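Can you build the whole structure from these sequences, using the hints too?
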Amino acid sequence: MDNPIIVTLEKVTKRFPAGKTEFTALNKIELTFRKGEFSGLVGPSGSGKTTLLNIIGSLDCPSEGVATVLGKNISSLSHKESAELRNYGIGFIFQTYNLLPVYSVYDNVEFALLLQKISAPKRRKAVMDALEWVGLADRAKSRPSTLSGGECQRVAIARAMVKRPALVLADEPSANLDSQNSHMIVQTMKRLNRELNTTFIFSTHDEKVMQYLDRIIYLKDGMVERDERKSED
Amino acid sequence: MKRFLLKGVIKDKGRSLLPIIVVATGTMLTVVMYSWLTGIMGDSIRMNANFNTGELKVMTKAYAADAEQFPNDLAILNADTLLVELKEFEPEVDWVKRIRFGALADFPDANGETRGQAPAVGWAIDLFNEESKESARFNLQESIVQGVMPVNTGEVLISDELARRFEVKPGESFTLFGSTMDGGFAFYNLTVSGTLLFGATGLDRGAIVMDISDAQKAFGMEGACSEILGFLPYTYFNSDKAEAIKTIYNQSVDARQSEDEFAPVMITLRDQAGMAEMVEYTDFVSRIMVFIFVSAMAIVLWNGGLLGGLRRYGEFGIRLAMGESKGHIYRTLLFEALLIGTIGSIVGTVIGFLIVLYLNIHGVDMSGMMQNSTMVMPTVVRTAITPTTYYIGFIPGIFSMILGNALAGVGIYKRETARLFNELEV
Ligand SMILES: Nc1ncnc2c1ncn2[C@@H]1O[C@H](COP(=O)(O)OP(=O)(O)O)[C@@H](O)[C@H]1O
Ligand SMILES: [Mg+2]
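As you go down the protein sequences, you meet chains A and B in turn. Letter by letter, the first sequence follows residues 13 to 245 in my numbering. Letter by letter, the second sequence follows residues 2 to 427 in my numbering.
Hints may contain errors.
[As the list claims (entries may be wrong)] Residues of chain B clear of chain A, computed beta-carbon distances all greater than 10 Å:
1. 18
2. 74
3. 241
4. 322
5. 323
[As the list claims (entries may be wrong)] Capping the alpha-carbon separation at 27 Å, the derived lysine-lysine pairs in DSS-like fashion look like this:
6. 153(A) / 12(B)
7. 129(A) / 218(B)
8. 153(A) / 8(B)
Since the hints were made in silico from the structure, they are not lab data. It should be emphasised that the depicted structure is a prediction, and the values quoted were computed from it without experimental measurement. Idealized CB from N, CA, C, for every residue including glycine.
Listed below in structure tokens is the structure:
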């Protein structure tokens, strides 16, 4: 694999205050992710998956160690710079979809581009392309409340992908979905991974998701227990 | 982005309905109360102007020093010359001669013996001239209780209260005792043509209204008058304009005859007893009112904003994740406040304006509350519609909404990005 490295974690440690002491949620994590990887953090609840994704996504900073994402040291970014990094470089997908309920599907996807000051015709094209990717172009005018869970998550994928970020972070994206929809959304993301060479990092403990991953990193008590790559067959 | 926010405000009733109701209510109250206040004050000022102060007033310098005493020995001697000069100087203004006097009215019985005497306050105005607006200014026609308007020399109107006290009927005569311009004793016989009820406290006690020619004869003031009043052609007193006219006039007089104590001097309505206070009081009370509404509404809207903010932490979290900065989110909250404040202010102003319009047409009779007042005040109060009526409500409406949201939005700044974001997870 000679794709460039886009995420480097060096001795990343995260501690949270817990009463008078501190709780170590991540303990000296050493990991790198390359462009185009389709990988996942796997581990029981409380093992630190979300905490790690938040740091990679520049929503949080490590207590110790260095996290370098798309060439930027997360700890050294100002609030504005980290917002900029997320805006242009990183897409998020959540367990609970988190669509904005008062807006249409179209508006939800377009929002990401409004922050980038892209001209209206270009925005329109990009939004319709993204909805096309997830097979929801015909629901552009619908409100999220009229969609099924699977459809909502596909809108969330379109929203994450519309700005064609280098990196997409998906935190337990299938946790609220039935088996058929789980397969469908991961397949969609896998396809986008191939077509657009987007890097995906999941967090999951869902077997159905795991079977699609090229690389699985097992976390336990805030430490990397195993880092497995699927052999190319 | 702006369209995106507007859509959110319109579609998210939970975000906009309560604030719009609060803003609209406050705006409406502001508009109504402001118009009510300016109505009372405006009418009072107008009445005072019409009866006593004018909007501009010219006297001799010596008279001006002691004007409340009506020192007619210091009156303007060549009144008509000065009147012509003033009309040339400022043709837009309606200039009128007046004689003011205090005198004793003596009502005789059938034998010509004194039945009773009462102090009277006199207004001698241009009554008989067809083009004069003075009788309209005093609202004389509508104020007559018994009898008719004077048409001949020697006919006057007296207050109905005075007439009742001495059982005087229209057509009966009485004698006025006073002093002449050069300090002599004056007495003059007059006939009551009608009695007056102005419906203004302070005026209805002992007023006598006559034509200026009668007063000139009665007090030996041929060719003279106490004061010349000027009225600007606007509905409400225009202080700036009046001040400007006054300044120019007084400068030109000073340049010619600064030493002469009988030189004319001009003052405005504001310069006269109590009037400046009244004008300023109106401004002051409306400022206090706007301040109170801003504070009260801002507190309500702050809390509303906090509740709305809690409801929207999920939205803020997702927007942060998508790369919006906290500062930008905060600014969009202020922009939303501006939108909601504007919508609420428009709604409130429209409703308020309808109420104001109703009260402007119908008025409210306050005579019961003002029986003992000595001020010249109207007894039927109407709201005033001025240019300010249309925008005054927007000040508390928009300002309180922005203040409320600005305070509520501080919570977003205080929270760490990760915490806002974690609240997404249920
Ligand atoms: N903001 C926080 N403050 C305190 N403790 C936290 C915070 N975020 C996460 N934790 C703790 O860190 C540990 C790891 O959490 P998390 O990364 O959410 O695990 P996972 O996503 O694998 O379930 C948990 O024990 C959690 O309680
Ligand atoms: Mg988690």
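Assertion that residue 241(B) lies outside the chain A interface [Cβ separation over 10 Å]
holds, 47 Å
Holds or violated: is the Cβ of residue 74(B) farther than 10 Å from all Cβ atoms of chain A?
holds, 81 Å
Assess, step by step, whether the Cα of residue 153(A) is no farther than 27 Å from the Cα of residue 12(B), and give holds or violated.
holds, 14 Å
Confirm or reject: residue 322(B) is not an interface residue toward chain A, with every Cβ-Cβ distance exceeding 10 Å.
Its Cβ does come within 10 Å of chain A, the nearest being 4 Å, so this is violated.
Minimum Cβ-Cβ distance from residue 18(B) to chain A exceeds 10 Å
Consistent with the label, residue 18(B) stays out of reach of chain A, its closest Cβ about 13 Å off (over 10 Å).
Hey, does residue 323(B) actually stay past 10 Å from chain A on C-beta?
violated, 5 Å
Are residue 153(A) and residue 8(B) close enough, with their CA atoms no more than 27 Å apart?
holds, 14 Å
Are the Cα atoms of residue 129(A) and residue 218(B) separated by 27 Å or less?
violated, 86 Å
In summary, the structure is inconsistent with hints 4, 5, 7 from the numbered list given earlier, while agreeing with the others.
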